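Visitor: Listed below, chain by chain, are the residues.
2 protein chains.
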Amino acid sequence: MQLLSEGDEPVPEFLKVKTAEEIVEMVRSFAPLEAEIVSVQEASGRVLAEDVTAPEPVPHFARATMDGYAVRARDTFGAGESLPALLEVIGEVAMGRPAETAVRPGTAAAIPTGGMLPDGADAVVMVEYTQPLDAHAIEVTRPVAPGDNVLQVGDDVALGEKVLERGRKLRPQDVGLLAAIGMEEVRVFRRPRVAIISTGDEIVPPETRDLPPGKIRDINTYVVASQVREAGGRVGTIQVVADDLDELEAVCREALAAHDVVVLSGGSSVGIRDFTIQVLERFPGSELLAHGVAIRPGKPTILARLGEKILWGLPGQPASAMIVFTAFVRPCLLRLQGVENAGNLETNVRQAELARNIPSVHGRADYVRVSLSNDKGRLTADPVFGKSAMISTLSKADGYVIVPEHVEGLEAGTLVTVHLFSSP
Amino acid sequence: MQLLSEGDEPVPEFLKVKTAEEIVEMVRSFAPLEAEIVSVQEASGRVLAEDVTAPEPVPHFARATMDGYAVRARDTFGAGESLPALLEVIGEVAMGRPAETAVRPGTAAAIPTGGMLPDGADAVVMVEYTQPLDAHAIEVTRPVAPGDNVLQVGDDVALGEKVLERGRKLRPQDVGLLAAIGMEEVRVFRRPRVAIISTGDEIVPPETRDLPPGKIRDINTYVVASQVREAGGRVGTIQVVADDLDELEAVCREALAAHDVVVLSGGSSVGIRDFTIQVLERFPGSELLAHGVAIRPGKPTILARLGEKILWGLPGQPASAMIVFTAFVRPCLLRLQGVENAGNLETNVRQAELARNIPSVHGRADYVRVSLSNDKGRLTADPVFGKSAMISTLSKADGYVIVPEHVEGLEAGTLVTVHLFSSP
Numbered sequence: 001m002q003l004l005s006e007g008d009e010p011v012p013e014f015l016k017v018k019t020a021e022e023i024v025e026m027v028r029s030f031a032p033l034e035a036e037i038v039s040v041q042e043a044s045g046r047v048l049a050e051d052v053t054a055p056e057p058v059p060h061f062a063r064a065t066m067d068g069y070a071v072r073a074r075d076t077f078g079a080g081e082s083l084p085a086l087l088e089v090i091g092e093v094a095m096g097r098p099a100e101t102a103v104r105p106g107t108a109a110a111i112p113t114g115g116m117l118p119d120g121a122d123a124v125v126m127v128e129y130t131q132p133l134d135a136h137a138i139e140v141t142r143p144v145a146p147g148d149n150v151l152q153v154g155d156d157v158a159l160g161e162k163v164l165e166r167g168r169k170l171r172p173q174d175v176g177l178l179a180a181i182g183m184e185e186v187r188v189f190r191r192p193r194v195a196i197i198s199t200g201d202e203i204v205p206p207e208t209r210d211l212p213p214g215k216i217r218d219i220n221t222y223v224v225a226s227q228v229r230e231a232g233g234r235v236g237t238i239q240v241v242a243d244d245l246d247e248l249e250a251v252c253r254e255a256l257a258a259h260d261v262v263v264l265s266g267g268s269s270v271g272i273r274d275f276t277i278q279v280l281e282r283f284p285g286s287e288l289l290a291h292g293v294a295i296r297p298g299k300p301t302i303l304a305r306l307g308e309k310i311l312w313g314l315p316g317q318p319a320s321a322m323i324v325f326t327a328f329v330r331p332c333l334l335r336l337q338g339v340e341n342a343g344n345l346e347t348n349v350r351q352a353e354l355a356r357n358i359p360s361v362h363g364r365a366d367y368v369r370v371s372l373s374n375d376k377g378r379l380t381a382d383p384v385f386g387k388s389a390m391i392s393t394l395s396k397a398d399g400y401v402i403v404p405e406h407v408e409g410l411e412a413g414t415l416v417t418v419h420l421f422s423s424p
Numbered sequence: 001m002q003l004l005s006e007g008d009e010p011v012p013e014f015l016k017v018k019t020a021e022e023i024v025e026m027v028r029s030f031a032p033l034e035a036e037i038v039s040v041q042e043a044s045g046r047v048l049a050e051d052v053t054a055p056e057p058v059p060h061f062a063r064a065t066m067d068g069y070a071v072r073a074r075d076t077f078g079a080g081e082s083l084p085a086l087l088e089v090i091g092e093v094a095m096g097r098p099a100e101t102a103v104r105p106g107t108a109a110a111i112p113t114g115g116m117l118p119d120g121a122d123a124v125v126m127v128e129y130t131q132p133l134d135a136h137a138i139e140v141t142r143p144v145a146p147g148d149n150v151l152q153v154g155d156d157v158a159l160g161e162k163v164l165e166r167g168r169k170l171r172p173q174d175v176g177l178l179a180a181i182g183m184e185e186v187r188v189f190r191r192p193r194v195a196i197i198s199t200g201d202e203i204v205p206p207e208t209r210d211l212p213p214g215k216i217r218d219i220n221t222y223v224v225a226s227q228v229r230e231a232g233g234r235v236g237t238i239q240v241v242a243d244d245l246d247e248l249e250a251v252c253r254e255a256l257a258a259h260d261v262v263v264l265s266g267g268s269s270v271g272i273r274d275f276t277i278q279v280l281e282r283f284p285g286s287e288l289l290a291h292g293v294a295i296r297p298g299k300p301t302i303l304a305r306l307g308e309k310i311l312w313g314l315p316g317q318p319a320s321a322m323i324v325f326t327a328f329v330r331p332c333l334l335r336l337q338g339v340e341n342a343g344n345l346e347t348n349v350r351q352a353e354l355a356r357n358i359p360s361v362h363g364r365a366d367y368v369r370v371s372l373s374n375d376k377g378r379l380t381a382d383p384v385f386g387k388s389a390m391i392s393t394l395s396k397a398d399g400y401v402i403v404p405e406h407v408e409g410l411e412a413g414t415l416v417t418v419h420l421f422s423s424p
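Going line by line, the protein sequences match chains A and B. Quick note: the first sequence uses UniProt numbering, first residue 1, plus one each step. Quick note: the second sequence uses UniProt numbering, first residue 1, plus one each step.
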């Protein structure tokens, strides 16, 4: 029932209508999926299932942090412009190799930034504070203390130091850190497998060649699939099913067996054809966590658990389905991947200035679609009006703004938080 | 030379030192790669290579936008509470199917939201404004005009209407729109193939088991590979090469043959071992577009064209390489994928309040790494200090803030633009 009315008729009290906050609270209580081991090269975007401690120190040898000369600091004590210290240059440290000769009292070795400190040396004199006398001797015009211009073993990362915490979503720079400490593999939470099902007698698969009269192409399977991928989920079965209880039950049964999450759209309107609920009743042990959310649009949202599996019922209207996915299903998928505070530290948000007034009706949180424009870093959010059945308005919107339940609208110029439908 | 000094010694004038703005300007002038055809299902994140016009109208039949009765509007003219119009109900429109009977004068057909308007009907009376008299008749208590509560053919998307423009990076909602108009395939720009090469005598591949003294694990190949993937590029060859001119030339030659872009890191410091420039000199027809950028860090950046191919030389310091990648290579990869205004409409930015003062030296743009924290949507940017050779600081940073050339630092509390290293 892709286009069932989402009118304002009251939802019967016996139904489990929840607030948006209650839904997010439930999602946050879900346990992550089990852990698996992946190579560090493939770990970007995955979520750590364990704290990572450094199996080796960085650096694992004392390194020069400046171009100059490796010396024994005591040989430079008291050195100055007027009374430079004279040192014999016994060689040059090559990058990536141990020095061939130790630095003994009265001697120095040329060393590049990053070079390995020779035995005997305990500091580096910057080249700026030296004068070559001849090919084999320099004058040092400023003293150094032991450790000056040297990164000691473990100065950057100590052996056994905790460098990254469980629950961290790995970014490219975190992968770099893992590479630096010699990690080849890392334990991360498994990504959820997601089945996507659209129901409705009027719905045909988008690839249908000649559209029969009365039918419309399904949109939600494509949109939801793209959103699932962006949220780190793995898309499995994608299917369009007619409003037939037995068929829907069979499809759901198969989908639940092979996936962690099933996302249904359509059929969940609190109305004449509430197939999703009827299907759930056929699964023993299924637990209806929410039947309706007090937001507009999105009222007919369903959330159920079936053992370890999760079933979401989204409104059939594509715009409503996108909003509900962004607000609840995305945090759920992130949470299953082990992200801490999914839905709390919502990263896909922008602050923007409202371009026009948004009227709103007291009594239910309004999720109003907006388009963003960027004028030299200053973001403006323009409400996208038009019937939510209109497909053309779908791609005009970048995200939504929430007008809270007890607010009667927002004025132009207000700074608002825009929840993005997708990563930019 | 991963850890060559990026000191402050002046760059000789004959070198092609550019400002950050000049680099971005050059990148913006690059032509996108050729187009290819992909299925709409796989099109999310890709960039349109042509305007898309609707091959069919949406809806392709007149649809009810409310639950109610399909009627001939003239039959309701003058109807009201006191004088309702009496209509015979001749049937019910089923979802997804043409009506079986036409609506003749004096009759009506029950119709659900989204149902197909029967022949003869030109409006829908909302169920709220009707009263059933018996099973076969209703009273209409409010008149409708022709077209009321009906979405006409093409009202949402007209046949031949331009719905999406060339250069648009397709988001899930755009894919939904393409599905709605029956597109199965779409022309998008090809994604660039990117080779990643790290040079330096002290560098060993990250997966090296026992780290020899004087050597460090390569980090840049892993970080750059993750960043390339995030920017939509396809990672090809990944290689670590010693500072050997002939070997580097051979590796670059192979990489240029099989990729659109080669990203070298290390070896590009304007210093003693400027292998990248020497390698470029061995390729006839290579054009050095930039040898140095007036930002800190990032000074030793190289940009060259070799026919259709692009070569970037990044500084060897991982933190510097990340900054240069984010500022220039990422916009370049986006531009090759056909994104308009890459580097101008930079979407991976956040406004944040600076937590501490940032001192800066007059005369060069400072790119200062910051970590972000989020307190109820209010972002704070905290500068990450510490030697840029320190790997441990790498993963503490979320992005960078630019202190412009002629500004001597930024004060705590300033609202700054943070350029993110990666999508959150």
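Honestly, the hints are just simulated from the structure, not real lab data. It cannot be assumed that every hint is accurate.
Claimed, not checked - Subject to a maximum C-alpha distance of 20 Å in a straight line, what follows is the list of computed DMTMM-like cross-link-like pairs (lysine to aspartate or glutamate):
id: 1; chain 1: B; residue 1: K396; chain 2: A; residue 2: E161
id: 2; chain 1: A; residue 1: K396; chain 2: B; residue 2: D155
id: 3; chain 1: B; residue 1: K396; chain 2: A; residue 2: D155
id: 4; chain 1: A; residue 1: K396; chain 2: B; residue 2: E161
id: 5; chain 1: A; residue 1: K396; chain 2: B; residue 2: D246
As the structure is a computational prediction, the values presented were derived from the model and not from experiment.
Visitor: Each hint: holds or not?
Guide: We went through each hint and held it up to the structure:
For the proposed pair B:K396 and A:E161, the alpha carbon gap of about 15 Å is at most 20 Å, so the pair holds. Between A:K396 and B:D155 the CA atoms are separated by roughly 16 Å; this keeps the pair inside 20 Å, and the hint holds. This hinted pair checks out: B:K396 and A:D155 have alpha carbons roughly 16 Å apart, not beyond 20 Å. Note on A:K396 and B:E161: the hinted pairing holds, with a Cα-Cα distance of about 15 Å set against a maximum of 20 Å.
Our distance criterion of 20 Å between C-alpha atoms is broken by A:K396 and B:D246, whose separation comes to about 53 Å.
Of the numbered hints stated above, the single one contradicted by the structure is hint 5.
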